[in-house]
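Participant: Residue-level listing of the chains:
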Amino acid sequence: MRRAALVLLALAACKAETPRFARATKIESLDRAIGGPAAAAKTGDYLLENDRIRAVIEQGIDSRVPLGFGGSIVDLDLQRSERELSAGQGLDQLEQIAPTANLYVTGAASGPDVRITTSADGAEVTAAAEAAPIQKVLAAFNILLDRSFVGARADYDEFRIYTEYEMRPGESVLRIVTTVGFDVPFCRATPADGCGECDDLLYDDDCDCASDRCGTAEVLRADDLPDRPEPSGISDVMLGDLPRPLGTGRCASDDDCADDEICTDVTTSLGGDFAVCRAPDQRNAGVLLGDMLLFGGHLSPFLPRVGYDAASDVRRLFDVGKDTLSQPLRTDYVLAIGDRVSYGFAPPSGRIMIPIFGGPFSMGATAAASCRRDDRGCLAGKLLRMERLVSVGAGDASTAMAPLLAARGVTTGFVRGVVSERPSGDAVTGAEVYALRDPLDLPCDEACQRRCPAARPIADLDALLHANRCRTVTDDFINGVAEVGGMARTDVGTDPIHDGRFDLEVEAGRWAIVAVSPDDTLSPLAFVEVREGATTNVALTTPEPGRLKVDVIGDAARPIAARITVGQCLPQNACVDDGDCSDGLLCRGGACACERNVVRPLELGGGQPADGVVHMAHTRDGRTETTLPAGRYEIIVSRGPHHDVTRGTVVVEPGRLTAFSARVHQQVDDTGYVAADFHVHADPSADSRAERADRVTSFVAEDMDFMSSSDHDVFTDYAPLLVEMGEADRLRSQVGVEVSTQELGHFIGFPLDYRVWSDGERVPGNGAPNWRDKLPQEIFDDLRERAAPGHEVIVNVPHPFSYFGSYRLDPFTIEPTGSIITLFNELVLEENFSGDFDAMEILNAKAFDTLRRPTVGEIRFYSRGFDALLKERTRGAIDEAEFFRRLYNLSAETTRRTLHRTATEQDAFIAGVGLEIDCRCGADGDCASGLVCDDVTMTCVAPTETSTVGTPPPDEALCKSTTGVVDFWFNMLNRGVRRTGVGGSDVHAAIGGFHEAGSPRTMIWTGENTVPAVSSKQIVEGVQGGNVIVTNGPMIHFTIDGQPPGAIVRGQGPVDLHLTVERATWYDVDRIELYRNGALLRAFDGCASRRRTEDDCFEADGVVALDTTFTDTPERDAWYAIIALGLDGRALSPVYASAALPRFGTLELTQRIYDIIPALRGLRFPKNPSLFPAFPFAITNPIWVDVDGGGFDPPLPPPSWCRPSTDFGCD
Amino acid sequence: MRTDTRHRADDVDMGPTFVALTLALASAPTTETSSTVLLSNLIAEDLVPTIDLFDSDTVKLRVGGLLQVHSALYVGEDSLVDDGDIATRAGFRLRRGRIGFAGRFMDRLGIYLAINLLEGDEDVGVVSDAKMTYQIDEALQVTAGLGKVTFSRAALDSSSALYTIERPFAVRALVPSRRLGLSAEGQLFGGALKYGASVLNASEGFVEGNRFGGFLYGGRVEAAPLGPARRDVVDHDPRVSIGGAFFYEDGASANTIGGTADLLFTYFGAALQVEALCNRLTPDDAPVTSPGLADRIDRCGVYAEASWLLTELVGLPITPAARVEWFDDDRAIDDAGDLLVIVGGVNAIVFPPYVRAQLSYQHRRERSGVTRDNDSLVLNLQGKF
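Heads up: the sequence lines are chains A and B, in that order. Just so we're aligned, residue 1419 is where the first sequence starts under the working numbering, counting upward by one. Just so we're aligned, residue 15 is where the second sequence starts under the working numbering, counting upward by one.
I should point out that these hints are in silico values taken from the structure, not numbers from a laboratory. Be careful, since some hints might not be right.
[Claimed, not checked] If you want a taste of the chain B side facing chain A, the calculated C-beta under 8 Å gives, among others:
1. LEU240
2. LEU295
3. THR303
4. SER304
5. GLY306
[Unchecked claim] If you want the ones that stay clear, here's a sample from chain A, every Cβ over 10 Å from chain B, calculated:
6. LYS1444
7. ARG2014
8. ALA2048
9. SER2220
10. ALA2360
11. SER2365
12. GLY2411
13. ALA2501
14. ALA2506
We put the beta carbon where it would ideally sit given N, CA and C, even for glycine.
Required output: the full structure, derived from the provided sequences and hints.
Facilitator: See the structure below:
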């Protein structure tokens, strides 16, 4: 029967086969576009499609993509025949692929810049225009560059990029050809040129006509270029060949070099002092060609051999003093896996250099051209051309890679089979099937054999991965690779027949095949021999999981929304080191826990383990059910930080249902407050894949009252969804946005006017403003003009150092100081800074490392500790797992010390001690190789340049270069600048991770009007009035004369500060700090605190940690604020996840380059402790005391950018 | 043997002035119908089947249906069904759709099943009521199954007979929802005294039984010394009915104790119904809570509803009605849950006994906090058989 059905289906498919075609059209209406979670097409863009795939090439006007200059790929998908996925409702999940040359992209912003060409062989969309820098600051590289390669007479600034996108019938591949010319004219040949009809903007393969008018240039194909220098990286191509390690091999004059070498300045243009010896055959600076691969939040990057976890490889290189800018990862392909769609990227031949890889932002460099030192100007008048292929698959690596393999002429074999569940025999749909190299098939010499013994039988996946990693250690992959040859998904894409079948295409060889079910159960390894062109069949079985059902009830004995956390070896009591733990437990991330097993390796798509948690869920109706691999689990049921939790243990058995009932009670009194979050993302943001309904559920389950959307550059209205979900009486919402500029930071605005249509036209971003080339004040004004009817708009600066850092605000004077960046981007000139915002985020997510500015001693503690750990790992004393465990503990302890502010440290902060200290490093390991950290200046210098005079700064001094939002805010308050401090979860994922719904939350005092009666107007008034407490858990009830935070109290004499701090009984508060005008007036320590210096301490009485009245007699006008902290007790983890993934972004990566470019050295910062549990933290907005009744007189003069309408002393 | 005295007009001594024109035709089964099924003394079911499916000496089986369609003519901007308002936006709303079966076996055994066609979830399914009743005597009948909790007078009224479209806010908030369990009830002194007592699950729903554990214990007593008081008849003698009830719910995470006292006075078609309800919810397990946070919640409400059955004004039974309600959803806090609600409207049996129309205006004022624009004017059309 089944066979007959398949035959019929096949016949139907044959009959319905789509004729082959390729065409290009301009998009006149969006139902002709692709559509999907990351779709960005707008009318006026260009659709290029064939019978298999579709792509949209954007026109730059009103672009909403990050590199929105025009001429890049913004949408990409398969042709979809399903009714629900056609007519502009496809599955595009790609954010953008933008061809680049020396960090410039095509700026095709007008109609004539983009053209359509069709022929019998295929269809093309071509974009040609003057190049635009990806970011204006990156134009700096043009100044830094040695431009000699363009020749003496050419104008480097006449830089054009021309890109052809071609589709041929019957291929699942988009072919991209990018041509770059410096001062070489691009023009369309016409009959007048004697060329006949020629549609192209540039003579090329399709239009072979040389016109004198357009110039005749030699075209260099990247594949044919002789120079793909090894090792090479961005630094080598853009600065010329550099000695290794980076930072070494410097010279002062030719005398320092060999006979045929010349001492060559690398950074001459900016008065650089970095010169290296360069031989005649070594390369000067040249052109780097590649693509910005902006995969966005819907895709998971995947590299052949490496699998999903290339980010760890990049970080490992950095840890040992290398960087992928100088030593990029190399691979044949780059893949990105999404839901029912996947993408592949590769050059037709050769490899890709990957300097930046991971998450939503990657770069693939596929070609480079530069001139030998003795052949300067070798590229004069020449066009440089590179070719790439972009494929579209059905949602796994195999279907995305197969078209690339075919286009590159690589012959492969096939592994086919079915995955079923044991013992039920049910087909497993959505399982991932991996092919991993048989370690015994890997080349391994005698030394390797001794180091990495392997013999059959190979016990399990762990053993296989360990053997493969051990046998593949290289300079690029210092921990080896998993040797993942391919990945296929069962019933891939929209396959309607869920029979568990898969097709995996791999190169010939011996492979171990393993299936991972959606429930994270693993099949046994199946070893197969794959031959070219042949098919090998395997049948894989995964163990049947068990089911876990959880019911939750609340105070009213009714089912209630809650969060469920399930794990193994969850954190127990707090610790600093292993000595604090007993019963065989070890200190992991600040809490004792047992040894945790990896459920699913990172390379095979496992998540970064945090706190031993294996499953998290939010339930809206008090009930949830999930499947889990069989085993014993700990379970915690919670409902935000103001309720208690239920903990328990369950045993999940295969194929059986285990039930768990929990109760949660409100413990902490937050009566009269509205728990709001103004920093909320879901799938309208390109970097989030959380569905909006899940976002609502997460907020209800975390006991939030108010959500304000803040998707990147798009307005989102949750109100209709809340009504549809029946949650409108529990959760209120308003429309907001996060304006996400490239170079000025981000700005949140709310409440705003949501508009989908205007005059019959779709409103871009539902009304969101376009920020390109606008000054901050213009953006603020634009947001305010888009106010929801009858409302005022709050402008809130999230993670404020992205804005403040753009203007280099001095942490003490809080004045913009300017930087080298102003040379390239006038938007960031000092005078363009605007203080016309209303609020700023004090705490973003769990960014505890940027909350308080660390002291010199704390920087030294972490940097030196890190270096010591690294040495232990380098000499083999500890393995990588142990290295990370200790690093986690070191980082957590450093963060505790930083958050714990003493009176001495705070006095130093007020006195400006440390103002003169750059603090660019804390130990030698912070610096590029060959440089050391000078103890006196705390900057990276050559060993011969260390200070000979002066003394190292004291431990309590505060470093100027580091970030401390609270300190900065205190300085603002001291200068009369009233900006309400708010919290922002910045939540992106549906659940878990660094950013979690409602953590932190902004508690706004609204008194009688709470949910569901509270309105946006009251929220705005609460924020404007500063009636706000920011917290991720503890609740501070702080009044002076009965007045809450934000109030101005008038009168002389003593003032009574009444202070009550509460917390739920599952986490601790052990430090409470009372500040007056920024000085630490009084600190209260919990009796269990490790940092207690006085006998006087507080013991929590149930929920109440501290309840006291403190009397102070201010001699002058004063503001008071409270901070409550939990440092040494139980943290909020694992209910709120620890920061378990070392922060490693572009800023960290580029540190190494800064050291060799003097002008950029001022941008570097020491290593950042970014691993820690979720410390309980709360801070109040200030209560102002006007002693003389003549208005508040701030202790320090206001900054030049103060706002007279709100600020004190701003005349 | 007597059955269902609540709906049997012929069992009541209405005197010579009794006008046998009854809204009961619309709001309750016909005399004949009610005599064939075995229903509660205290509870007016939302739906009483009237169509014979089967009828023999020993077995009777009937089917019935109820449909209510709202047309919201005016709805304030802030109005939300989720918030307890009648409508969220102007337009049509299918409010209730039910089908039910009632059977009687060997005189003493009754079965009642009502299906809610508009709702259904894992907890409560689509079953609205499902119960078996065994009548030992007029003074005692025992019921097992799912149904209303014998507590508030307004909650015990049939939803098909409400004069104000929806029940008072306090009733909706304070009265336990339908529960599964055992109850006993009966009437004494010829119906002058009625009582009911129940032991029910503390959890809602029936699919999984007592999902969270615990029981609800409750009882109600109703006295009508002057004879049954009914709002759906024009009775020229004054009648009064006094009721009182309590319940104690020993829930899984909280204990709730509630009480109510009510009075219904009728005279010549005019009726005044007054009821006061309170309950106190106390979390169990002695959870550690903030000193500033009430570890128990006291909620109270009181309403007075007046109606006047006009039988000869336009040849149809017309009933103008008005209700004033005061409700505090947490006595410890002055917030937007403190309400003053005024409802007024008119009801008419359009095609007796099958079709009824109601026009009702609801003004809801938040006594604390910002007043919201949540008034509404709704026309309800009801069909039943």
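Participant: All the hints need checking, so say for each whether the structure fits it.
Facilitator: Verification of the hints:
The beta carbon of LEU240(B) is not positioned within 8 Å of any beta carbon in chain A (closest approach about 40 Å), and the interface hint is therefore violated. At about 6 Å, the closest approach between the beta carbon of LEU295(B) and any beta carbon in chain A falls short of 8 Å, and the interface hint on this residue holds. Because the smallest distance between the Cβ of THR303(B) and any Cβ of chain A comes to about 5 Å, under 8 Å, the interface hint for this residue holds. Contact between SER304(B) and chain A, as hinted, is supported at the beta carbon level, the nearest pair being about 3 Å apart and thus within 8 Å.
The criterion of a C-beta within 8 Å of any C-beta in chain A is met by GLY306(B), whose closest approach is roughly 4 Å, and the hint holds. Consistency note on LYS1444(A): stated as away from chain B, and its beta-carbon is indeed over 10 Å from all of that chain's, at 40 Å minimum. Even its closest Cβ contact with chain B, about 31 Å, leaves ARG2014(A) beyond 10 Å, as expected for a residue assigned away from the interface. For ALA2048(A), the non-interface assignment is confirmed: its Cβ lies about 24 Å from the closest Cβ of chain B, beyond the 10 Å cut-off.
With a least beta-carbon separation of about 36 Å from chain B, SER2220(A) lies farther than 10 Å from that chain, consistent with its non-interface assignment. At the 10 Å boundary, the C-beta of ALA2360(A) stays outside the reach of chain B, the nearest C-beta of that chain being 60 Å off. A cut-off of 10 Å between C-beta atoms confirms that SER2365(A) is not in contact with chain B; the least separation is 55 Å. The Cβ of GLY2411(A) sits about 30 Å from the closest Cβ of chain B, beyond the 10 Å cut-off, so the non-interface label holds.
Every CB of chain B is more than 10 Å from the CB of ALA2501(A) (nearest about 23 Å), matching its label as outside the interface. Residue-level check passed: ALA2506(A) sits 18 Å from the nearest beta carbon of chain B, beyond 10 Å.
The earlier numbered hint that this structure contradicts is number 1, and it is the only one.
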